[in-house]
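The lines below spell out each chain.
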Amino acid sequence: MSRELEFLSTQVIMGRMSRRDFLGRAAALGVAIPVATSMLSSAALASSPIKGGALRAGMQGGESTDSLDPALWTSQVQHSFGQSWGEALTNVSPEGDLVPRLAEEIHASDDAREWTFRLRRGVQFHNGKEMDADDVVATLERHSDEDSQSGALGIMRGIESVRKTGNYEIVITTTEANADLPFLLSDYHLMIQPNGGKDAPEAGIGTGPYKVVEFEPGVRQRAERFQNYWNPDEFGHADEIEILIINDTTSRMAALQSGQVDVVNRVEPSIVDRVANLSNVRVQSVAGRAHYVFVMHADTAPFSDNDLRLALKYAINREDMVDRILRGYGTVGNDFPINAAYPLFPEDIPQREFDLDRAAYHYRRSGHDGPIVLRTSEVAFPGAVDAAQLFQQSAAQAGITIDVRREPGDGYWSEVWNVQPFSASYWSGRPTQDQMYSTAYISTADWNDTRFKREDFDQLARDARGELDETRRQEMYRDMGLMVRDEGGLILPMFNDYIEATSDRVQGWNPHPMGEMMSGYALSRLWLSA
Amino acid sequence: MNSLIARLIAQRLALGISLLFAVSVLIFAGTQILPGDVAQSILGQGATPEALANIRRELGLDQPAWQRYLSWLGGILQGDLGTALSNNRDIAESLGRRVNNTLFLAFWTAVVAVPLAILLGLVAVRYQNRWPDRLISGSTLTAISLPEFFIGYLLIYFFAVQLNWFPSVASVHDRMSLGERLHAIALPAATLTLVILAHMMRMTRAAILNVMQSAYIETAELKGLRSLLIIWRHAFPNAVSPVVNVVMINLAFLVVGVVVVEVIFVYPGMGQYLIDHVAKRDIPVVQAVCLIFAAVYIGLNMIADLVSILSNPRLRHPK
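The listed protein sequences derive, respectively, from chains A and B. Taking numbering that gives the first Met the number 0, the leading residue of the first sequence gets 0, the next gets one more, and so forth. Taking numbering that gives the first Met the number 0, the leading residue of the second sequence gets 0, the next gets one more, and so forth.
These aren't lab readings, by the way, just hints derived from the structure by calculation. Please note that the accuracy of each hint is not assured.
To be verified - Residues of chain A clear of chain B, computed beta-carbon distances all greater than 12 angstroms: (1) 52; (2) 96; (3) 121; (4) 465.
Said to hold, decoys possible - Distance windows between CB atoms, simulated: (5) A/197 - B/52: 17 to 25 angstroms; (6) A/73 - B/12: 44 to 52 angstroms; (7) A/140 - B/87: 14 to 22 angstroms; (8) A/347 - B/175: 58 to 66 angstroms; (9) A/73 - B/92: 21 to 29 angstroms; (10) B/32 - A/412: 16 to 24 angstroms; (11) A/305 - B/59: 49 to 57 angstroms; (12) A/108 - B/32: 55 to 63 angstroms.
Remember, predicted model here, so these are calculated numbers, not experimental data. Heads up, the beta-carbon is just placed ideally off N, CA and C, and yes, glycines get one too.
Next comes chain B alone, as it looks inside the complex:
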């Protein structure tokens, strides 16, 4: 059994890594066919043919594409992401901070949002079609229907400008203690929680309700078990797989899709970093960030896969 699971994990890992390689080829090819020449976009209007040739040679753009791909890949495998064309800064270093910030916000949002969503889902099932269910569904669906910048502005208006409880500028920095950081990210984390809550809550509710139709639940009810206990102990474990999938998609969103929230709360995450460099056609940075995004997606989906397999013995023995 254990060796079986170890083999499954190894299989998935190998699959994930080869997928990442495939993605790296796609990213490299994609950035090659982008309109506009890198050397041209660095030099801008004042480009002379000699300067263009100089820069091309400097960046190795005169070599064939496959050679450039290999040297790029080689650098990445050694942890060298290169230097940004626009300001000559080391990408690994400046990106590292941004990644940390993004993960920090995503982590604390998840810590609040995931248990809350699942709890609300369980409560909604328990009081299905009664007022607690309606209230939970209604309010979370309202929150998800509002654009995130609007939620952000509302929170800023009430909690930063009117009440002055939290800062509207969530710009964290090295000199802050953990407590100060958490205080700073309160509003963006709350905004993101409101954005992802409904999706996870509705999926939990639907998945459990699906299981609740089964005969063994009826048996449990007839045995006289309390309904919340039935839901938690008997129905939820069998509903884990779809819930985990949705949770992982939302976690991935927290890492790769929060540009708007970053801009509103002035949070120094990866999103704004990527956009600024796309605008400047700073290809090495775009490639590095895309690769990280791809790794996050692949990694989280792999975890979802493994959790589903572990929670459902039938999946361990595919026909």
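The following block holds chain A by itself, in its conformation from the complex:
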């Protein structure tokens, strides 16, 4: 078959040529029409997404208090909807590589402190304005404001200045060397808005493949395809997307089963086997970076004694927890917050085993006596109360008495976690190892929920951040991982998979370890088969 015909059929798929034109051109090339149409459909099946239809997701995690202002986003619903109408400068691929989005080219100075971003030209906001350097600078400024309440403020604190150096070029200077800066700018709070959203933060105007048409917080959020979107081949396949907030698990599954939604998030491990057996439903799970943890304050007695911390780390049966709490949809943790889903993962750190003799040995050495209070709650993570009880039982075999105290869900995050010395909690992943450590393990971190404060660790983190040689950097991360694992206050029994489900008419699912719903890209990347 002629190369020209192949080229033509891809043109149709890309939407650059109408089907009718294609058939006409094919006839001119002397190909019978049935052959031509079958070529067309096989090209579609092989590669490219089908445009059209309304894609509906039923999601857990929306509240009536949600806002369209990217600075205030906290939940997976806001994340998923935001990735559909907004765009950041960069994205991170499922393999952990940097992908340019609104930035076209990125250059670092040799000391990794000065970063030049060349912006994409001809990108339009939903209100018709063209995006340029002013909008990007204003966006980054808005999120750097100490009063902004922005979820990205922690990232922005490391930025010294943002300058416009051309209509489509900006230069960012960081306070200290940071090889990860372009990764950090993929943060979902940092959606580029016209004039940075300074005039109307809640307008929901971005450059993304969909434009917001309906926003009813805690109920539904709907968006239609943006006709002037710059990259329609890759994003924005359905004509319309909608998120229905369905916080109740049973209702969410019923909505998927009865065909009212095409995608649901948070399929609970306890029912996932039954969901997998349904005829018109596909379960999508991906091993991610999120993890369930028990955190000890390493500066508070009795947890200030490393022997006691080690005793507890050896006394937890990780395999059993993955089996029972996650029903196998997860992997065992190794007491440091990084796993193989991160780039530069240090592979050779030995796995900590469940070892009652060692637990008893360290417990004796710590000289501690009496019960240890562990606070838990259903909101800490799904199954947190059961997990605490399993921990209690396995620790009892080593002679350690854990007193499990169940706390109410309301107020758990303000009164218990990061306040009480020993509690259950969870973490979702971060784009890079550095960001994970900077968020919760360096001395000055706001969310240092293990009170792990060590000068040498902080110094190592700073050095690694500015290190452009990847082999050296990986070695540094190995040392940091070992420090947290052997001396930190973190007990990390398991990394949980993200488990989602789609109806069988949904195509294009591409697992992404960084977050739920293909790390928020699901709605703009999935398409519906006819």
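With chain A fixed as given, assemble chain B onto it according to the hints.
Leaving out everything else, chain B in the frame of chain A:
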């Protein structure tokens, strides 16, 4: 007679309004003594003392309580409920939709449930202690004994998942026609009907049976009237007062107590709205919703009162 009734209605209305004012004081005082500071809960973990002071000034929290109460009350009287602290949206606007949805579901449930309950009550009296009575009482009591989420799940399983007659997601929106809306709320309305049916039916039955002991009913029977006619024309009017009271309590429940059903059927009513804002300590919204709930209770009870008075001449002339 008419002026007497007008005076009674005016009296009740005045009473209801003053009660509402008293409730507004209670709500305001209640939300003031809630643990946790509003400014603190807005800013969360990252609160600095300056930011706290800024927010307090912005919200007027540095003024004395009575002054804040008066300005809050003044706003409400002009229809201004303020803006939500959590997402800066106008409360009157977002709450208005939710109230409409809640009233829509409550109204259509009542349209089905109230006549059905009364009819079943009448039939149960007519066939007292025989199989229709036993069947009606047995089935409605079974329905009320099951938790409402369980009834909801059963209905979803059979009518949404298996038969695909009705949607399991009752999420109504502006683009729907009335017919589509009614189709969407079929399952939640059926669930709520099953929940409130027994209470109203049993009360109708008991109240009428009470009247049926009277001598004048015996006379009617001796006159040879058909028993359903006796019940409807002679016994029921004298049993209206307790029945109306129970009906109103159930209607109030339909407005203020249906959070569980809202969650299961993903219905955008007031309940979930209130709960989300309580969790975020979004006080202005909590106050507004509580005030609406109080108004619903007071209003419906006032109607029950008036209906009782109108249906019973003795109550019009209290000693």
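So, going through the hints one by one against the coordinates:
no.: 1; hint: 52; verdict: holds, 17 angstroms
no.: 2; hint: 96; verdict: holds, 32 angstroms
no.: 3; hint: 121; verdict: holds, 33 angstroms
no.: 4; hint: 465; verdict: holds, 26 angstroms
no.: 5; hint: A/197 - B/52: 17 to 25 angstroms; verdict: holds, 23 angstroms
no.: 6; hint: A/73 - B/12: 44 to 52 angstroms; verdict: holds, 46 angstroms
no.: 7; hint: A/140 - B/87: 14 to 22 angstroms; verdict: holds, 20 angstroms
no.: 8; hint: A/347 - B/175: 58 to 66 angstroms; verdict: holds, 59 angstroms
no.: 9; hint: A/73 - B/92: 21 to 29 angstroms; verdict: holds, 23 angstroms
no.: 10; hint: B/32 - A/412: 16 to 24 angstroms; verdict: holds, 23 angstroms
no.: 11; hint: A/305 - B/59: 49 to 57 angstroms; verdict: holds, 50 angstroms
no.: 12; hint: A/108 - B/32: 55 to 63 angstroms; verdict: holds, 57 angstroms
Of the numbered hints given earlier, the model fails none.
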